[in-house]
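Please work from the sequences and hints to get the whole structure.
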Amino acid sequence: MDPSDDVLRSWEQFREAASLLYREIERALTANHDLTIPDLHILHRISTDPRRCTRMGALAETLVLAPSRVSWQVGHLEDRGLVCKVRSRDDRRIVMVTLTPKGHEHLQPALRTYATLVRRYYLDPLTRDQMIALGDSARRVSDALKLRETLSGPQMPEDLGLRRVLQGGS
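Note that the sequence shown covers residues 1 to 170 in full-length UniProt numbering.
Derived by calculation from the structure, the hints in this document are not laboratory data. Ideal placement from N, C-alpha and C gives every residue a C-beta, glycine not left out. Worth double-checking, as some hints may not be accurate.
[Claimed, not checked] In silico SDA-like links for lysine to any residue, alpha-carbon gap of 20 Å or less:
1) 146 - 62
2) 85 - 95
3) 85 - 57
4) 102 - 29
5) 85 - 118
6) 85 - 105
7) 85 - 49
8) 85 - 61
9) 85 - 72
10) 85 - 109
11) 85 - 66
12) 102 - 44
13) 102 - 117
14) 146 - 67
15) 146 - 61
16) 146 - 128
17) 146 - 129
[Claimed, not checked] Each pair of labels, with its calculated beta carbon distance range:
18) 146 - 76: 19 to 29 Å
19) 53 - 137: 48 to 58 Å
20) 126 - 8: 34 to 44 Å
21) 102 - 144: 38 to 48 Å
22) 72 - 6: 34 to 44 Å
23) 111 - 6: 32 to 42 Å
24) 17 - 94: 48 to 58 Å
25) 16 - 124: 17 to 27 Å
26) 10 - 90: 45 to 55 Å
27) 53 - 126: 31 to 41 Å
Structure (structure tokens):
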């Protein structure tokens, strides 16, 4: 058996599970709360800021979304009265996003639905050890990708060993 078969099979299983999970949660959030997953993440991120106010750029960084996507998403939320954009008093170039009372009210039941769905479709099918291993694996992948962004060029850190596996090594 070619070692790259295991790599591709593992990737495809992850991709399929992530896509199905995302689709299931997105459907329920949209049907029950008229929110998408990015909407929910933006509202939640703002609500957890001690000032209840977050820079647009910080939202993009924290949520790992393109600034243009965050700008569009926040504009959509603002049109619905869930958030409000304001210029920073200290630096007028900086756009801040605040959660409106309507946004806060809308967020709470959506978070409960989200937590229920994450538990049902993501955590319940796993044992505690599998859940911990999956979380640790996701963290390792995220850390490696974040490190890669800081490196010059398209090369991956050698400690991942993925290049050797794809090239047929062990």
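Hints, verified against the model:
no. : hint                  : in the structure
1   : 146 - 62              : holds (12 Å)
2   : 85 - 95               : holds (7 Å)
3   : 85 - 57               : holds (13 Å)
4   : 102 - 29              : holds (17 Å)
5   : 85 - 118              : violated (30 Å)
6   : 85 - 105              : holds (18 Å)
7   : 85 - 49               : holds (15 Å)
8   : 85 - 61               : holds (18 Å)
9   : 85 - 72               : holds (12 Å)
10  : 85 - 109              : violated (23 Å)
11  : 85 - 66               : holds (18 Å)
12  : 102 - 44              : holds (13 Å)
13  : 102 - 117             : violated (23 Å)
14  : 146 - 67              : holds (17 Å)
15  : 146 - 61              : holds (11 Å)
16  : 146 - 128             : violated (27 Å)
17  : 146 - 129             : violated (26 Å)
18  : 146 - 76: 19 to 29 Å  : holds (28 Å)
19  : 53 - 137: 48 to 58 Å  : violated (34 Å)
20  : 126 - 8: 34 to 44 Å   : violated (23 Å)
21  : 102 - 144: 38 to 48 Å : holds (40 Å)
22  : 72 - 6: 34 to 44 Å    : holds (39 Å)
23  : 111 - 6: 32 to 42 Å   : holds (38 Å)
24  : 17 - 94: 48 to 58 Å   : violated (38 Å)
25  : 16 - 124: 17 to 27 Å  : holds (18 Å)
26  : 10 - 90: 45 to 55 Å   : holds (48 Å)
27  : 53 - 126: 31 to 41 Å  : holds (37 Å)
Going down the numbered hints, you'll see the structure goes against 5, 10, 13, 16, 17, 19, 20 and 24, while the others check out.
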